[in-house]
Amino acid sequence: MNARLKLGAQALAVGLVAGLLALLIWKVAHDSGGGAASKIDHGKIAAAPGFKLNRLDGGGDLSLAALRGKPVVLNFWASWCYPCNQEAGTLEAAAQQWAGKATVVGVDVRDATGDARKFLRQHGISYPVVHDNHDSMWPSYGLTGLPETFFVDPHGRVVGHVAGQISAADLRRGIEEAQKA
Amino acid sequence: MKRLLVVAAAGLALAAPAAAACPKTSLPKLENEVMCPVCQGETIAQSDSQAAAQVKRFIQGRVQACASEAEIKRELVAQYGTQILAAPPRKGFGWLAWLLPAIGILVAAGVMALLARRWSRRAPEGPPGSPALDGPPMDPELERRLDDELKRFE
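Heads up: the sequence lines are chains A and B, in that order. Going letter by letter, the first sequence gives residues 1 to 181 in this note's numbering. Going letter by letter, the second sequence gives residues 182 to 335 in this note's numbering.
These are calculated hints, taken from the structure and not from any lab test. In this text, all values refer to a predicted model and were calculated from it rather than measured experimentally. Check each hint, because a few of them may be wrong.
Calculated from the model, a selection of chain A residues having no Cβ within reach of chain B, i.e. all distances over 12 Å [what the hints assert, rightly or not]:
hint	residue
1	Lys6
2	Ala9
3	Asp41
4	Pro49
5	Arg68
6	Glu92
7	Ala99
8	Lys101
9	Gly114
10	Ser136
11	Leu143
12	Gly145
13	His161
14	Ser167
15	Asp170
16	Gln179
For lysine to any residue, the following SDA-like pairs were computed, each having C-alpha atoms within a straight-line distance of at most 20 Å [as the list claims (entries may be wrong)]:
hint	chain 1	residue 1	chain 2	residue 2
17	A	Lys52	B	Val258
18	A	Lys27	B	Gln221
19	A	Lys180	A	Pro154
The beta-carbon is built from N, C-alpha and C at its ideal position, and this holds for glycine as well.
With the hints as extra help, turn the sequences into a complete structure.
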């Protein structure tokens with residue numbers, strides 16, 4: 001009886017350790033700073049993580065897959081972020097300048113939707129904007145802060161990344177790069 | 182006129198409990214249960230970030246609008262995801278976080294009870310002055326020297 005108990009306790013302990021190890025591996029794998037940002041910053045071209053999210057600027061949803069065929073500028077922002085406020089005008093100007101040749105898409109993350117809609121009105125944003133209400137884009141794109149902008153080529157691959165406030169020159173360079181790819 | 186007074190009194194009687202029930206919760210109560218959306222492991226009470234300030238404003242607005250704690254949390258999760266809550270939800274994978282500590286405590290208690298039982302069985306009391314039960318008997322010469330040494334301290 002004692003030997004069986006001892007064996008059971010040992011099996012339980014081993015099982016617990018194995019379970020904790022599995023949890024640790026899972027956590028490290030998900031927090032490894034992987035994501036699209038890390039890959040592109042290391043010179044690798046990777047498929048842009050797909051999404052299908054509700055639009056903030058109107059009804060329905062928008063998926064990245066539906067935008068294939070033209071370069072896509074994915075701009076991650078939040079209404080509380082100061083540089084996001086600073087770059088909003090630049091992005092709107094680029095969206096109008098490149099209309100028909102490239103699509104600018106705003107992705108509102110870690111933000112209250114009421115404040116985000118107010119932001120869109122204040123800055124007169126006309127390009128499509130989605131809201132990530134599950135916080136799934138932050139890890140899949142490997143964001144480290146806001147704002148961040150990704151350039152996706154017509155085949156759905158991330159070919160450029162700018163962390164921080166983006167300039168008109170950065171946007172032009174990124175879109176041209178995505179068109180060439 | 183009398184009928185009007187009765188209606189007004191009834192209205193007041195109904196409104197009073199409703200007013201007393203509002204607000205249903207408060208920002209200080211919630212700010213330790215809600216995470217800052219952009220900080221590592223900090224609640225909004227611990228953070229001075231703009232993102233935390235936005236969440237506090239949102240909660241304050243909903244508290245003033247008489248929303249309950251559960252309603253506010255539901256609205257926060259709808260906008261920020263489940264990570265916004267300091268405690269994991271009691272469903273799906275979130276259950277693990279609630280159950281594992283309890284299971285750990287139960288297992289530890291079980292193991293301690295078993296060990297205590299074994300130890301209490303192993304240590305029968307011997308007669309006073311008998312040699313140690315777990316070791317070989319002491320060499321008489323060594324025992325005599327030990328007694329001599331101990332006498333020096335008396």
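Looking back at the hints listed earlier, which ones does the structure fail to meet?
-> 1, 2, 9, 10, 11, 12
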